[in-house]
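With chain B held as given, fit chain D onto it using these hints.
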Amino acid sequence: MIAQLITSFIASAGFAILFNAPKNTLIQCGFVGMSGWILYYVLVAGGMDAIPATVLSAMLVAVVSHIFAKTFKTPIIIFNVAGIIPLVPGGVSYNAMRNFVENNYDIALQLSAQVMLLAGAIAIGLMFSEVINQITKKVFVKR
Amino acid sequence: MKKITIEKVCILAGKIMLVSGAETYRVEDTMNRIAAAFDVENAQSYATPTGINFSTDMAEATYSLRILKRSTDLHKIAEVNKVSRRIAAGDFDIEEAYLALREVDTNNAMYPAWVLILIAAIASGCFSIMFGGSFEDFLPAFFAGGLGFMAMLGFERLVEIRFLSEFFGAFIVGIASIIFIQIGFGKALDMVIIGAVMPLVPGLHITNAVRDLMAGHLVSGVSKGVEALLTAFAIGAGVAVTFAFI
Numbered sequence: 000m001i002a003q004l005i006t007s008f009i010a011s012a013g014f015a016i017l018f019n020a021p022k023n024t025l026i027q028c029g030f031v032g033m034s035g036w037i038l039y040y041v042l043v044a045g046g047m048d049a050i051p052a053t054v055l056s057a058m059l060v061a062v063v064s065h066i067f068a069k070t071f072k073t074p075i076i077i078f079n080v081a082g083i084i085p086l087v088p089g090g091v092s093y094n095a096m097r098n099f100v101e102n103n104y105d106i107a108l109q110l111s112a113q114v115m116l117l118a119g120a121i122a123i124g125l126m127f128s129e130v131i132n133q134i135t136k137k138v139f140v141k142r
Numbered sequence: 000m001k002k003i004t005i006e007k008v009c010i011l012a013g014k015i016m017l018v019s020g021a022e023t024y025r026v027e028d029t030m031n032r033i034a035a036a037f038d039v040e041n042a043q044s045y046a047t048p049t050g051i052n053f054s055t056d057m058a059e060a061t062y063s064l065r066i067l068k069r070s071t072d073l074h075k076i077a078e079v080n081k082v083s084r085r086i087a088a089g090d091f092d093i094e095e096a097y098l099a100l101r102e103v104d105t106n107n108a109m110y111p112a113w114v115l116i117l118i119a120a121i122a123s124g125c126f127s128i129m130f131g132g133s134f135e136d137f138l139p140a141f142f143a144g145g146l147g148f149m150a151m152l153g154f155e156r157l158v159e160i161r162f163l164s165e166f167f168g169a170f171i172v173g174i175a176s177i178i179f180i181q182i183g184f185g186k187a188l189d190m191v192i193i194g195a196v197m198p199l200v201p202g203l204h205i206t207n208a209v210r211d212l213m214a215g216h217l218v219s220g221v222s223k224g225v226e227a228l229l230t231a232f233a234i235g236a237g238v239a240v241t242f243a244f245i
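Chains as they are written, first to last, in numbering that gives the first Met the number 0: chain B, 0 to 142; chain D, 0 to 245.
Note that these hints are calculated values from the structure, not bench results.
Zero decoy hints are in this set.
The calculated DMTMM-like cross-link candidates involving lysine to aspartate or glutamate, where the alpha carbons are at most 20 Å apart (straight line), are:
no.: 1; chain 1: D; residue 1: Lys-7; chain 2: D; residue 2: Glu-59
no.: 2; chain 1: B; residue 1: Lys-137; chain 2: D; residue 2: Asp-28
no.: 3; chain 1: D; residue 1: Lys-7; chain 2: D; residue 2: Glu-94
no.: 4; chain 1: D; residue 1: Lys-2; chain 2: D; residue 2: Glu-102
no.: 5; chain 1: D; residue 1: Lys-7; chain 2: D; residue 2: Glu-40
no.: 6; chain 1: B; residue 1: Lys-22; chain 2: D; residue 2: Glu-102
no.: 7; chain 1: B; residue 1: Lys-22; chain 2: D; residue 2: Asp-104
no.: 8; chain 1: B; residue 1: Lys-136; chain 2: D; residue 2: Asp-28
no.: 9; chain 1: B; residue 1: Lys-72; chain 2: D; residue 2: Asp-28
no.: 10; chain 1: D; residue 1: Lys-7; chain 2: D; residue 2: Asp-56
no.: 11; chain 1: D; residue 1: Lys-186; chain 2: D; residue 2: Glu-135
no.: 12; chain 1: B; residue 1: Lys-69; chain 2: D; residue 2: Asp-28
no.: 13; chain 1: D; residue 1: Lys-81; chain 2: D; residue 2: Asp-92
no.: 14; chain 1: D; residue 1: Lys-7; chain 2: D; residue 2: Asp-38
no.: 15; chain 1: B; residue 1: Lys-72; chain 2: D; residue 2: Asp-90
no.: 16; chain 1: D; residue 1: Lys-81; chain 2: D; residue 2: Asp-104
Chain B with its partners taken away, still in its complex shape (with noise of 0.2 Å):
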């Protein structure tokens, strides 16, 4: 559990370098992927689901990264990228291709098709922090 507190948290924090963030985001980034990664991990660990489980992990990292896009006033995509790395179906896409590669065609077609449903999961969960966003703006900001 600790070990996949601390590798998750360096992990995002390294694709946020590698994506070339701001220096000074860097450990909300991290932080970011390192809370959206942890809730899926247990969640999946407790029994539930991948997708379901892709979903309310996205929405984690939505809400937080809203929260320190608010407080740092950056881009709301800076969060959001680094920290939905973790969650990214890349090594359910890579067993797919793998098995297309090796004719295994029908274990990679189910897989391509859970690698889809992952994508979609995520950016139902990322859609979140958009109505957030809509909500609070119409309902806290009166004209």
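Just chain D now, kept in the frame of chain B:
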């Protein structure tokens, strides 16, 4: 010197953002905001991953710009965002805005290649543990990921064919991982390969594609999705080729 027009400022802002890997709806939104700040009420912008169109009104002349290379540079997106906020606040006139954007465009504050390779290597090691590998898999994934990323960067400079550098990077990852496992350095081959391949995987593109689709930008969403798919295929093929040797 030619007069700097609103169109030029908007297209430059859009170009920087698109080249840096922003979603197309964010690009269009920024361009329209900048135009609105300069009292252009009904600006029309249309951005795709390969080009931008912009006109100040419905039947006005339309300006277009071709985009050939795209990468990910969050720093520039943040900088353009800052400039666009200041334009919206009325701090800049057109000339100042253009100069500020030019500075963002030419200012290449990327990290040196060795830092990127080191970071990719560390991230690879961490990913192999996150995806269920043991601590013995950290170092093999570290070296395989670093080598793969280095190969990708190097190959990108030599040959300008898209997807081939990812293929080559994944190929090196595969070979390195298999050699490491063969000599007893690391345990689970799959964990090492998945971890080491992660820096090459187009995770951002997959997610951006779906976000663009959901924002109603169907052309951009589909084309980005295809780009992500081809990259993923190149990586899978690169690794799979190495399996042919065992």
